[in-house]
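So the protein sequences, as listed, match chains A and B.
179 is the number that numbering that gives the first Met the number 0 gives to position 180 of the first sequence; each next residue is one higher, with no gaps.
122 is the number that numbering that gives the first Met the number 0 gives to position 123 of the second sequence; each next residue is one higher, with no gaps.
Take these hints with a grain of salt, some might be off.
Chain copies aren't distinguished; within one or between two, either way the pair holds.
[Said to hold, decoys possible] Below, a list of computed lysine-lysine pairs in the DSSO-like style, where the Cα atoms sit at most 27 Å apart:
hint	residue 1	residue 2
1	K195	K183
2	K183	K103
3	K103	K63
These are calculated hints, taken from the structure and not from any lab test.
What follows is the residue order along each chain.
Protein chains: 2
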Amino acid sequence: MMNEAKRARTSHSIHELIATRWSPYGFDARPVSESDLRSLFEAARWAASSYNEQPWRFIVARKKDAAEFERMLACLVEGNQAWARRAPVLALAVARLHFSHNDKPNPAAQHDIGMATCSLQLQATALGLSVHPMIGILPQRAREEYTIPQGYEALTALALGYAAELDALDDTLRRRDEAVRLRKPLSELVFARTWKRTAAWVEDPTGESS
Amino acid sequence: MMNEAKRARTSHSIHELIATRWSPYGFDARPVSESDLRSLFEAARWAASSYNEQPWRFIVARKKDAAEFERMLACLVEGNQAWARRAPVLALAVARLHFSHNDKPNPAAQHDIGMATCSLQLQATALGLSVHPMIGILPQRAREEYTIPQGYEALTALALGYAAELDALDDTLRRRDEAVRLRKPLSELVFARTWKRTAAWVEDPTGESS
Numbered sequence: 000m001m002n003e004a005k006r007a008r009t010s011h012s013i014h015e016l017i018a019t020r021w022s023p024y025g026f027d028a029r030p031v032s033e034s035d036l037r038s039l040f041e042a043a044r045w046a047a048s049s050y051n052e053q054p055w056r057f058i059v060a061r062k063k064d065a066a067e068f069e070r071m072l073a074c075l076v077e078g079n080q081a082w083a084r085r086a087p088v089l090a091l092a093v094a095r096l097h098f099s100h101n102d103k104p105n106p107a108a109q110h111d112i113g114m115a116t117c118s119l120q121l122q123a124t125a126l127g128l129s130v131h132p133m134i135g136i137l138p139q140r141a142r143e144e145y146t147i148p149q150g151y152e153a154l155t156a157l158a159l160g161y162a163a164e165l166d167a168l169d170d171t172l173r174r175r176d177e178a179v180r181l182r183k184p185l186s187e188l189v190f191a192r193t194w195k196r197t198a199a200w201v202e203d204p205t206g207e208s209s
Numbered sequence: 000m001m002n003e004a005k006r007a008r009t010s011h012s013i014h015e016l017i018a019t020r021w022s023p024y025g026f027d028a029r030p031v032s033e034s035d036l037r038s039l040f041e042a043a044r045w046a047a048s049s050y051n052e053q054p055w056r057f058i059v060a061r062k063k064d065a066a067e068f069e070r071m072l073a074c075l076v077e078g079n080q081a082w083a084r085r086a087p088v089l090a091l092a093v094a095r096l097h098f099s100h101n102d103k104p105n106p107a108a109q110h111d112i113g114m115a116t117c118s119l120q121l122q123a124t125a126l127g128l129s130v131h132p133m134i135g136i137l138p139q140r141a142r143e144e145y146t147i148p149q150g151y152e153a154l155t156a157l158a159l160g161y162a163a164e165l166d167a168l169d170d171t172l173r174r175r176d177e178a179v180r181l182r183k184p185l186s187e188l189v190f191a192r193t194w195k196r197t198a199a200w201v202e203d204p205t206g207e208s209s
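Bound-form chain A, shown alone:
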């Protein structure tokens, strides 16, 4: 169900999937079907990457396997454990740090994990699911728990499932999940000719966009 407070207040027209994607703190207990899980990671699989390296690997734990879920939860920083334990599925996104074709460092590895994660998020949105990525994890703990080899490193964790109804949340989570999504204005993000000079077309002087 769409949380209308979370629809982006856009200044210019964007695709519905992008406008309605958001990252909840509160998740419903409802499990995610295996078919949907396959679609989520299939979407990540088809993201773009430098040299088509596909530096992304995922380790996934579902709540129905309670011991595995707790193992993965323990790889998050405490502040994230507090809310992420509500999610029915957790995943670690692990980056391959070197290129396969020449074994040199891949300067795009983290960037490309971000691309794959965004693709997964938007697929989730299409399925009525939500994903909350976290940089706040314990990479060394993840390495030990899952025998992640040198040359790879856990970068983020993903909490995924169905966003909870606001009424089902305690005050802290509810306040987070009912807050309006805020962004810097486009004029502070898109420049031309030199740093901090807003591109002229950003201002839409013609009223061309609606």
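Assemble the complex: chain A is given as a structure, and chain B must be docked to it using the hints.
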């Protein structure tokens, strides 16, 4: 126009936008409207980021401003200049390297540029446009050309526009743009319990997905 060779050969159902996104080498000369440019960067603007830092900034150059276009083209490595000069629009994606709220290094900065770029790519797909991100740039040259301050760094360049008809391309670009898109199988990407152990649900033993 959809290049059917570039539709992902998916193993599991994914959203049409994600299946049809691809990164061309060959671009058509047709310019991109200002309204579409606004939508592209608006889509980037609404991506998720750690602490909602929104560490992305973009500097944009259009071919109709020939001197500016050449200035930006010179910030790419030579191999990328060769094909990217066909695109009607170039952009540099610049990362803010520290958090605004505490001035500490933002370990998600590059990852979050990737999230914003994926969002922009999928918005482009929705508009019939294509985006090709490149990590092969000259960050120091970009810093000098655009007075990018310390604390920020150019991470990627984006070539964007309409993908060229294959018949309009020379053999080298045509071969790249007509090649089938390849990805590792999902079984090599999604693990459970330990490294390299494929999650059981990835294999789809029930034939639940089609």
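Okay, the hints, checked on the actual structure:
no., hint, verdict
1, K195 / K183, "within (13 Å within a copy, 41 Å between copies)"
2, K183 / K103, "between (36 Å within a copy, 20 Å between copies)"
3, K103 / K63, "neither (40 Å within a copy, 38 Å between copies)"
In summary, the structure is inconsistent with hint 3 from the numbered list given earlier, while agreeing with all the others.
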